[in-house]
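Whole structure, please, built from the sequences with the hints as guidance.
Here is what each chain is made of, one letter per residue.
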Amino acid sequence: MSMNSGHRQLLLLFSLVLLHVFMVVPGFFAPYDYSEQNRELPFSPPTRLHFIDSAGRFHLMPFIHPFRASEDGSAPYVEDQARAYPLHLLKDGAPYRVLGLWTARLHLFGVEQPGRIFLFGTDDFGRDELSRMLFGGRISLLAGILGAAMAIFAGAVLGVLSGFYGGWLDGLIMRTAELFLALPWLYLLFAVRAILPLHIKTTQTLLLLITVVGLVGWARPGRLVRGIVLSAKERNFALAAKAMGASNFHVLRWHILPGTYGVLLTTAALLVPQFILAEVTLSFLGLGVGEPVPSWGSLLAELQNYSVLTSYWWMYLPACSLIVLFLTYHWASTTLQDKVAEVRS
Amino acid sequence: MKATATRYRFWKWALLVLAALAGNMGPTAAAGPQDYAKSGGETGEPGGKLVVALRSEPKTLNPILSVDVTSREVIGVLNADLIHINRETQRTEPALAKSWTISADGTKYVLQLRREIKFSDGAPFTANDVVFSFELYLDEKLHSPQRDLLAIDDKPIVVKKLSDYSVEFDLAKPYGPAERLFDGLAILPSHLLEKPYHDGKLQQSWSTSARPEEFAGLGPFKLSSYVPGQQMTLQRNPYYWKKDPRGNSLPYLAAVTFLFVPTEDAQVIKFQSGETHLLERLNADNFTLLQRGATAKGQCLQDLGPGLEFQFLVFNQNHLDSGKAPDLVAKQSWFRDLKFREAVSLAMDRKGMARLVYSGRATPIWGNVTPGNKLWLDPNLPHPERSIEEARKILQSGGYSWNSGGTLLDPQKRPVTFTIMVSSSNVQRSKLATLAQDDLKQLGMDVQVVPMEFRALVDRLLNTKDYEAVLMNLVNGDVDPTPEMNLWLSSGETHLWDLGEAHPATPWEAELDHLMEAQMTTNDPAARRKLYYRVQEIVAQNLPFIFLVSPNILVAAQSTVGNFHPAILEPYVLWNADELFVGRAGAAKCQ
Amino acid sequence: MVRVARRILHGLLLLLGVSTLSFVLVSAAPGNFFDELKLNPQISASTVASLKMAYGIDKPWPVRYERWLRSALRGEFGYSLSYRCPVGTLLWPRAQNTLLLTSLATLLAWMIAVPWGILEALNRGKWLDRIGGGVTAIFLAIPELVLGLLFLLLAARTGWFPTGGMFSSHGAEAALLGKLPDLGIHLVLPVVALVFGAAPLLIRYVRSAVAAVLDAPFIEAARGHGLSTTRIVYRHALPAAANSLISLLGFSIGALLSTSLIIEVVLDWPGLGPLVLESLLARDTYVVMAVVMLSSVFLVTGNLLADLLLYASDPRIRTV
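Taken in sequence, the protein lines are chains A, B and C.
Residue 52 in our numbering is what sits at position 52 of the first sequence, and the numbering runs on without skipping anything.
Residue 446 in our numbering is what sits at position 446 of the second sequence, and the numbering runs on without skipping anything.
Residue 49 in our numbering is what sits at position 49 of the third sequence, and the numbering runs on without skipping anything.
Fair warning: there could be bad hints in the mix.
Claimed, not checked - Computed from the model, here is a short list of chain A residues facing chain B with C-beta under 8 Å: (1) Asp-33; (2) Gln-37; (3) Arg-39; (4) Pro-42; (5) Pro-45; (6) Gly-290; (7) Asn-305; (8) Tyr-306; (9) Ser-307.
Hints are computed from structural coordinates only; laboratory data are not their basis.
Beta carbons are placed, not taken as given, at the ideal position from N, Cα and C, and that holds for glycine.
Below, the structure written as structure tokens:
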């Protein structure tokens, strides 16, 4: 039942890489473009894959029945049994760009026109949720990583400086941290968004806003790091090193900083999800990416509507994928923490 | 000794008889010199308590200062006006003024007031209160928003007291919708507010934190209590000046409680659980949700059809300095091209918008007058069907072409790309913008939707004029076209597509100016209608706005609410609060 | 003592700095309160202009800032443009409601987080830790808004809890003793939602801090001496791990006024949250400023307390 730690770490690495590959080339895994609307099929439930047809024969390759509006009011859609489309792997489809460099048309799977395969259902404009989730993940993940990186970097630098040198520098940095924590950064974001020219692509605007939130967010990691450094620098090993003539930099690098790695790792694994959530909040407030570009924040924003919350269960799936991602990060963070502890002891 | 005792007994009996007689002469007597109005609804059961949810708290209960919808709604049931617009028929009817005459030249209105009416604190209502109220509305130092409505050509109306129960209003010019001006102008008690006014403290009076004793009004209810952030309770005004056809005094309700519930979802939940009796305006999704259980519970859900709100797309046609914004000015060559706008209008999938964004509970429109406006809609306006091919043909005839990738190129071979700004706080408008963007993609236009916070959007629209296209909405305040003059007049401050023009920029805008002025100063309704039909024709031909859809008014009531006659004019369900009653189940008869 | 006095002085200077910077930011956002009126065709531009003059909005920001500062010192904190009354009267009742909610929730969150985090740290690597970690990850991933909506759904479907508000419509006028059970049942959902939002983060940090300490040699030594686990944890490990926990405590106290904004809006709790959101969007500047200042006071106090506790708990820290 239990794997040894080497296997576990490989599995972890593999899942992380897999998740991020989805994000790097979403076009390949998604059957459709994220903005393709199907106005006659709003809020259609996920397409069902069938292996056994009406005659009782088994097919290796599953097939689907398209949905059509139902006559009676029992459900909005019923399967059109008269038509069936088999699933094709490695199919040609809508063009997409790979890493912004070249255009490709190959998709992992798809069905013949005019069939449609919606593995995760559709949204209110009949757009495929799976495709939107894959494309949206790219933006949200980028926002999360960028924001967390900014916050951690700024926080670590300032926290270490503040804790190590103490005195007036510490006072200044800590007061500035409090200033940053107290500011109504929402106003700042509104102001920044409002003065930007209209032509900046909304993805770029979002990343700019996340950078702002990230830079503003250095205060918490900074305070935590400072606390640790303050305590560490008075510890025996640090004092001993100084007594032996080590430079400040040496003491910092070899004796004090390692004490912060635990906190920084926890914080990193915590901040990425938090900044993804920050992107979600920004989307709720209308400061996120503009239509039709999806992000997990804008996909989750659909749940704000009570009737969507209660009637269309497949709209929860972006939330589930978010949770899967966060679980993976959490797993990574605890494993790394334990590894660091191992190495140090 | 005996004589004193007898005299004492005589006086005691005399006093008792006098007291009995005096008691009978109170306001509840059916006979008497008071001019009470008669209501038209069905007879209801007295004593019910109504609970209604409001989206936000009223900011003030002072009619001079109120600007927001919620304050106006609460003030509306606490006060009364001289002439009232019946929300169901959309016509004026007598209120505190029982009759009026108009002079031959149309500039003098003499209103006869109802006699022997009292304020909610028992003080008498006379012409002094009317003159005092209008003095406040017209006082420049108080900055009342109602002041602008009472000024024609910048000349304020003159109010003169003719006798204790008649008042004369002098207008500078004949004014077609003069009667409608009086609706919503609450008549204030001079006996309570005169002193604060002369002391300069009127703006601090009648805030929401004032005590109930400080108020007096002529409306069906008076303030009873207020818990900040949670609820406001009103109680019945025993001196209200209306009776039902059987002679019972109105209102039927003993109390009305307003709960402050900020989100619509929470309001729907409270209605479902029976905590509130009425829902004022639902969105389509919640309406569908409520419909599922409504028949079982006997709830009345009504789709009243389109209201007076219209959603539209407007392109920036302001005259701008090409040195400062060369890109924008270059793009304006498209926005000013009528063929461009015609093509955009033909490409819009209005039916799809109504179906997808409003679950079918919206009406496609091609003009600013919606089908909800029974009196003023031009029945002969064309309703062109959506057609991408037609739109493409029109663009081609205007010199536009397409490159191999399908992108639209203008006559100078520049690719057509622009942004549509939309308010980020309104989910439905963002969705309309998404649909519009997809529609325009089929014409080869590269459109980006930019969500922006509302006030920043308004700043760009009205102050800096730094925008390309905006998708927004406006709501007409009344069915009558005159309050919206500033939209159509070239010098008007909300002449959105081209602000700040002293003179009309095009011949058709000149004609609009002329027509709007004419309909304002004519008293003949048929003539006004003809003039306004022509206005609608011109607007439909020249497309300064590209009209999209008008959302339907959706309301709901529990089955126990009687006399439920919702209307498409604000306040949709409470306009006849004086006739509403809470009775046995099934009282709310749904059409 | 001198140290405390110096920190208090720093705190006051900080408040001044926050107020100035906020004022500048608020003035930088385009649009003002009266812009919405400008869009109304029935109100003329001259009325809007005269309203702006009457409320002093047309003046440059240093002038307005100075006037606001003086008003703040008088306790009024300026004038609300939406409500037409001094901001102070708006603020205090709502701040009390928010504090009631958040103090209760923060207390509960810490009471849950510390034992749970310790438990996870003691069992680190084993299945208890993994499952616990998974559960906290899930809760961390759910946005507060969705959590609030789910609770609302729960209340509506089951009818066990009221769907928002602080009192029911008759409860608000009851006597004090009658009010308490009504208040109690209305508190349940928002408090639970807040705890679900705050506890996972705390649990993570507690686990991390305690786990780091449990690997230290002196703990091994204590175990070797035969001390019981409870004694080890509570008398040796926890004080050593207290460093980062104290900083977190400072944050928790500092965030008492601001952490419940979304829950208050969704579950309709009459606190500062709905007020500040509404005022932010309406550009009711002074209300926003007052709330920012109040939050800053809490923040400064929280950090001050944390610093003092840090100093007291770890005698090796000499500079503060």
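Results of checking the hints against the structure:
With its C-beta approaching chain B no nearer than about 11 Å, A/Asp-33 sits outside the 8 Å limit, and its interface hint is violated. Interface restraint check: A/Gln-37 against chain B, minimum CB-CB distance 5 Å, threshold 8 Å, status holds. A hinted interface residue such as A/Arg-39 counts as satisfied when its beta carbon comes closer than 8 Å to some beta carbon of chain B; here the least separation is about 5 Å, so the hint holds. The beta carbon of A/Pro-42 is positioned within 8 Å of a beta carbon in chain B (closest approach about 6 Å), and the interface hint is therefore held.
Because the closest C-beta pair between A/Pro-45 and chain B is about 17 Å apart, greater than 8 Å, the hint is violated. The interface hint given for A/Gly-290 is met, as the beta carbon of that residue sits about 5 Å from the closest beta carbon of chain B, less than 8 Å. Look at A/Asn-305: its Cβ gets to within about 6 Å of chain B, closer than 8 Å, so that hint holds up. Nearest Cβ of chain B to the Cβ of A/Tyr-306: about 4 Å, under the 8 Å cut. The hint holds.
Annotation: interface hint on A/Ser-307 holds; nearest CB of chain B at approximately 4 Å, less than 8 Å.
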